[in-house]
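Chains as they are written, first to last, in our numbering: chain C, 1 to 112; chain R, 1 to 445.
Note that these hints are calculated values from the structure, not bench results.
Using N, Cα and C, we set each Cβ at its ideal position, and we do this for glycine too.
Wrong hints could be hidden among the right ones.
[As the list claims (entries may be wrong)] What follows is a list of derived Cβ distance ranges for each label pair: (1) L55(C) with S53(R): 44 to 52 Å; (2) K208(R) with P10(C): 18 to 26 Å; (3) K198(R) with G108(C): 16 to 24 Å; (4) V30(C) with P213(R): 52 to 60 Å; (5) Q110(C) with V200(R): 54 to 62 Å; (6) P213(R) with P10(C): 36 to 44 Å; (7) L421(R) with E44(C): 19 to 27 Å.
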Amino acid sequence: MKLITAIIKPLRLDSIRSALLEIGVPGMTVSEANGFGRQRGITEIYRGARYPVDLVPKIRVEVLVDDPDEERVIDAIVAAAFTDSIGDGKVWSTSVSQVVRVRTGERGVQAI
Amino acid sequence: MQIESGDTAWVLAATAMVLLMTPGLAFFYGGMVRSRSVLNMLVMSFFSIGIVSVLWTIFGYGLAFGDSGSGIIGALDWSHLGSAVNSFTNNGGEYPIPELSFSAFQLMFAVITPAIISGAIADRTKLFSWGVFVAIWVTIVYFPVAHWVFDLGTKHSDGTITGAGWLAARGVLDFAGGTAVHINAGAAGLALAIVLGKRVGFGRTPMKPHNLPLVLIGAGLLWFGWFGFNAGSSLGANATAALALMNTQVATAAALMGWLLVERIRDGHATSLGAASGAIAGLVAITPACAYVAPWAAVVIGLIAGGICSMAVALKYKLGFDDSLDVVGVHLAGGIVGCLSIGFFGSTAVNSLGANGIFYGGGVALLGKQALGVAAVGGYSFIVTLLLGYAIKFTIGFRISEADEAEGIDITEHLELAYELNRLGSGGYLGDRKFSAQEKISVTR
């Protein structure tokens, strides 16, 4: 089992959600996040005073998938997140050793 | 003399409009501070409404407009307002409006002036000390200065005028308060910023405006109320009021554009805070001049004020004082531009009670008088405020502790938060049960 995590531009969330629903993911978790990568931040100006803001708002999308689905889901997210501009984000996946569905007590792939 | 209902109605309405400027100013300032000190910023302005209105009734109106014959300060007359119920306004001439309407109108000027100062010392002022400061400051600075500038004297039936303030008697022109309100508050703000010192982290940690829409709402309310401030100062519904109103509009519009132009060229972006700030700079600058110049001149004055103030707000970083919300850069700088501009653009063609400036063949005499007004009010206000500020600092203290400042002044001075941003909730409910100081701390932190 894999946990796929994507840090994306907030405006791309809608297209990523539709893309994931289309390929039939079982569920997803979305949260607000702040951070920087190569983009670094932006500089805001108030009455001529400059304030560098290096933590820019992003969205974190997390999806649990069975091993065979990993590449397909990653490809769907990357395609939907792509705007060809700096700050498009990152997608990575990590191995998950156990998953439990709270209501039924099902374990492993059954619980995804 | 008969009461003129039209004139009286306008002055009464203008009074309410000027009152609205103080909450407007509170929003203008409140949006510019960080979210943890917005309530304190609002309360500082509302405190001024409370304190100054009471003092005005007891002795303020007497000190500002009573006749002691000195020209320096009015008369300490405890029943001044009580005896005025049936009299007409007499300020350099008799007006067919009740004296109480004039007194109420002038009260609103006394209310907003200390409120303007509060922007210089945001985030860090003890509420009690601020109250003490406001009460003493209006008594020893605002009321006398208002007497110097606004008291045009009592006109007697034989045509003689007695009891005018010393600046007014010398022909210093200030229609609606460029000196008494804006230079006065600006110089006092500079003094207090020096007395209180910089906020913790000034120049190192971000101190960004937390709510720019609130700033723009405040600027809008100020703009609206300012028509009462300037056009109401004619004390009648007449041509002078119309001139003042038109000049107020066009100067403000021009200053807004002037400020944004500087931003676009200097920073590459025109900002919403710049639009709001430019409007206020224009309102400040046209205040003394609004009934003495032609509308084309008002546009020029506004453009100059917008440009100069947008650059003046950077001075605090260079000179190293934390005038938190730019009281000096906007009110002192804008007030000086406005007062001196009369020396250039003043014209008796638009107002026979005015005077001709340099561009209308009046020579430099008027500019000299205006400079005297600027120097006298700015100098007096700065020195007396500095002394009063240090007196408060070394007796009851003027600043909250560093720990309280880091925690946020709203919670430490008021036990309130402006915004419930924590969606996980914040503890239980104690009802009206009395709780100990220890519990209070655990409840709020």
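Hint check against the structure, violated hint numbers in rising order:
3, 4 and 6
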